[in-house]
Amino acid sequence: MLLPVAIDNGIHIPHYCWHPKLSIDGSCRMCQVEIEGNPKLAIACNTPIRDGMVVRTTTPAVQKARRGVLELLLVNHPLDCPICDKAGECLLQDYSFNFGSRQGRSREPRRKLQKRKDIGPRMILDQERCILCRRCVRFCREITGTFELAVFNMGDRSVLDILEDKPLANDYSICTADICPVGALESKEFHHRLRVWFLKKTPSVCPSCSNGCNITVDHYRERVWRLMPRRNDAVNQCWMCDHGRLNFAHVNSPDRLRRPLVRRNGRLETCEWDEAFATAATHLRRVAHATQGCGIGAVASPHLTNEEHFRFWQLLKVLSVPNVDVAVRTGSDDRFLIKAEKAANARGARDIGLRPGSEGVGLPAMLDAAASGSISVLYVCGPDLWETADRDLLGKAMERLEYLIVQDVFRSPLAERAHLVLPSLTWAEKIGTFTNHAGRVQQLQRAFAPLNGQPSDGEIFTRLLMQLSEGRWTFEPESILEEIAATVPAYAGLSYAGVGTQGVALAEGSAGATS
Amino acid sequence: MPEPALDTAAAPSHPILDRLQAQFANDVRETSLYRGDVSANIAPERLLDVARFVRDDPALRFDMPIDVTAVDYLGREPRFEVVYHLYSTEHHHRLRLKARVPEDNPSIASVTPVWVGANWLERETYDMYGIRFTGHPDLRRIYLYDEFEGHPLRKDYPKEKRQPLIGPGSRRGESVGDEHPYSTDLPPPPRGKGMLGADLMRVQVGPSHPATHGTVRMVVDLDGETIVNADVQVGFLHRGFEKECESGFYYQAIPYTDRLNYSSAILCNVGYCMAVEKLLGIETPPRCQFLRVIAGELARMADHFLGIGATALELNAFTPFLYLLESRELVWDLVDAICGARVTSNYVRIGGVSADLPDGFAELARAKIAKALKLLDDAEKVLTENPIFRARMEGVGAIPPEELIAFGVCGPVLRAAGVDLDLRRAQPYLVYDQLDFDVPLGTRGDNMDRYLVRLVELRQSARIIEQCLGMLPAGPIDVDDPAIRWPGKSKVFGRMEELIDQFKLVTEGCKPPPGEVYVGTESANGEIGFFLVSDGTGKPYKCRARTPSFSNTQPLARMIQGRLIADLVPTFDMINLIGGECDR
Amino acid sequence: MATRVVSVWRPRPMQQSWGRTAWAVVTGMWVTNRHFVRNLLGFIIRKPTTFTVQFPEQRLEFPNAFRGMPVLVQMDNGKERCVACGLCEWACPTDCITIFPAETADEIERYPEVFDINLSRCMFCGLCEEACPEEAIVMSQNVEVAVYSRRGTIWHKEDLLVPVSQLGKRLQHLHRGYDR
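Chains as they are written, first to last, in this note's numbering: chain A, 144 to 658; chain B, 21 to 604; chain C, 5 to 184.
Think of the hints as simulated: they come from the structure by calculation, not from any bench.
Honestly, I wouldn't trust all of these hints.
[Claimed, not checked] Listed next, with one range per pair, are the computed distances between beta-carbon atoms:
no., chain 1, residue 1, chain 2, residue 2, range
1, A, ARG336, B, LYS181, 28 to 38 Å
2, C, ASP99, B, GLY508, 25 to 35 Å
3, C, ASN146, B, GLU245, 43 to 53 Å
Given the structure is predicted, the values throughout are model-derived calculations rather than measurements.
Quick reminder that beta carbons are idealized off the backbone N, C-alpha and C, glycines included.
Only chain A is shown next, with the shape it has when bound in the complex (with noise of 0.2 Å):
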């Protein structure tokens, strides 16, 4: 089709009903073009193109068309702008100050409809700003299939609205307020936060689950306000699910840790960076020798890059530690973009090679060998162990350890039988790459740098790398990536440059094995 085709060449047609990912409406009538030979102007959005075609899209006719579609969607159209969340990404607005006319005409008084109508649990409803371009409609009858949004009435008399006993609560509902191009649909954990001219937006990779959408981060004065998906064809289109689209807020916590803690005399107590890693050090290297690294048990966290699994993998490896093991937790899955593993990176973690070696083990039995002595050392990251683990099993290991090291976003229950415990970062301060369930490697940027220059999970894996063997070791993720590819078989020549902003697929069946 026409319109498809101008966009993808750089030539703007303002258009509302239309929408890539969605079948053809044809209701809006924004995108009228002059086509060289056709009497009248034609939609753009339902005109195959042929050749010799000539199309025009900025002569008086086509303004004129713009301007009555725009005066006639402007003439109901409550005066909400100063109220509306819409108002700065707009398209009405957009449109109507570049295409529409310069004076309001009409008299009327508008039309009443219902405002901040709660039409499911993660959104509102505003009719009277509706311009039934009927986006939202389509995206719950073609993408989720869950029909729950409507057009009542016929005519001037037409309303956007949902069944009384059928709320929109299908798991990717904010989705329509992504696709409403006026400030209709609003997702109430946005409502009234904070105007969107504020917001800085960096693009980076949906952490909640290993479907990895693409997202970006819409980010200001140092916290998260707001996920929103960026498209993907390969992963997720132009969607993501409103779990993953609202699970920031561990981000700017107040909770979070900040300091490494150290235990003494029986208390848990901040220190100072040098003395973690100088502990930490020490411990590590004592039983490594003690046992040849069979001592210790190393359990990776699925939410790391991969430059930071890779580094860690170093690491054990220095220590000849065999019983490695990543902890996932998992959940239900849908057809669609949700998936069971629910963290981002567990496969980049297997395979870069934190998988039990050939004389260690992995979970469950690290835990057992932990509870009968024969490990006396576990370096835990991430939160997924205490959330999969069985609870006694785990209390029996954390009586018989000699040495625990926990390494997490928060002071989890977990932290507060360790001996050491590390701040971890949250993904939106980092950069790196995550590998999603299909193989598909894809970048994270990082949208502020983390507070009092905390280091990331990469960096302490550097440092203790620096305190336990020769050599010169620094995290630059870019060079890492380098590094990686050349030690991982299935990740031969992979860069930055690369990955790019849409990630680069593994080859298939790559199931990435290192010696």
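Following the hints, complete the assembly by docking chains B and C onto the known chain A.
Coordinates of chains B and C only, in the frame set by chain A:
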């Protein structure tokens, strides 16, 4: 590598450009007549030759260096573009010369051998951008302290970065011996004996000095009471006007322009808004232009009242200072009634003015201006023929007009030397071409002439205001374009289209098409010019304010050389250096 | 256009006109004494002719256009008219306004939970008033904003609310310009 020769058939034709291209052919890389500004991009190696040619060629005669600055096109090679603005006092035409220098070797020949006034301007460009001017007699920082690291107007220098100078001499608080901590940039103090057998002495006048209004530090080498050498250091009021404007929208820069020449703020507002309007390619309606002239002339009167008054004060004539301050208060009452503030007027808007005149303004204005001029009469009677005043002011501070022009001096200081350069007359803008007024010229160029010129200008400003009040047409005070000028509130409250326009204009600003313009207007001290570069967004890519006080203060050291130290005071005062304008 | 170039009148050199110069001294003193006597008489008969205003016992009347500190308009029901749209925050050149919006259950669904103005940054330019689409923030006539601490320069919503009945003058001035 040299770029291919310009296809002159396709290039815009203009007598100045034709002359340049005839002489320099391949070295003129690009020419432009965008929005009427004559602009030529030349090969940097030929800069000195081009400069000499444009100064000396009879058809061009660009004898006055208006401005030297640079633009940082980060990401493009060559990265910097050094921009020269020139004016011809003979032909009253302008030229913009540009030369690109690369990032790894940002150096270009200094044009101080051609125009001595480029000295401070090049120092400022070096300070802000790091462009090295080879052959410059004294290339040191002018605004920032010596230990400052980096060049702040570069695009990769973050606005929020702070480099406070703590402790004497350096940020690390190291001792610098028994030298004064801030004199690391000066030549060694004078040694030897003076004419009466006493030592030569170095004295610091300022930066806080009761007899110099404005923060300027003058390091003066004295032989008894005679000034042997003086180094004038400005920059104590440097607040980063340009960097601040680059990070906000065009409309947000208007209150900052108030703070350039804060004695006559409206003239700065007018100059800036006219530059933005030239970028946008729009004309304001007649009533708006008359209002701008009225407000601008009131501001000019306020500035001159203060200039003369402060001079009187610093020559110890306290009483006429108070009379003139009362005159200024009366003028300020009028400015207050128009725009709501006396000094920080924020009156002019892009595409219009902020508010129309209040009711009864004409009567109020006539009454107050009449009273202000009566007080001026009284001050004149006390000052003009007073022997002490005349002894302090006559014969002091004059340098030949050709030198003044080469320094880039303009305004009352230049007119006092007998040069007919008033932009309201030479290149009329707004409605000055419909008005009758006199342009006073002095005969000797000393401080007395500068004072007398300002006296006449005051009365002429009053005459202009009177004419404008009589000629004021009815009509809109803003251009009727909702992509530029914020809509009237009654519509914003009640109509959807205007509400949306208000939102878009506030959040994204008006977006001039990419290009660059320069507009120079006559402010109280001379030509105030704004060089704006637009990249098509709502924020200016570069917003350069060419301020008269900066150029006017350059020859101060030359003016007072060989004079008594007491002569420094009236000379300094009659230049009317406004700190905000000089230091931006 | 009829602009003329004139040469300034310059008095003759003092060496050639001592008489005139001496007379100038007399004229000057005449002027200053005239002012002195007039002012003195004015004080004696209690009708001062001086320009000085004895602040704070006497206060000046500011014109309608005067821009003092920005204040929030308080409607008759005690609530602010502001709906926390954020335009003033964005228009402010010095970033001195901080707004955190929140939801109400009333008909007007949005209000500013936090509305702070940092008066040490505010330059009283009036762009916030111009940007406001609700006539909710206006420049008052108050310029007496001295405080005792740096923290005190941040004025919160409660400090900024002024009943609409007290803002008549300013609103009247603004309404003059509404129909541009």
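Do the hints match the structure? See the list:
1. The beta-carbon spacing between ARG336(A) and LYS181(B), approximately 30 Å, falls within the hinted interval of 28 to 38 Å.
2. Between ASP99(C) and GLY508(B) the beta carbons are some 27 Å apart, a value that agrees with the proposed interval 25 to 35 Å.
3. In this structure, ASN146(C) and GLU245(B) meet the distance hint of 43 to 53 Å, their C-beta atoms being roughly 51 Å apart.
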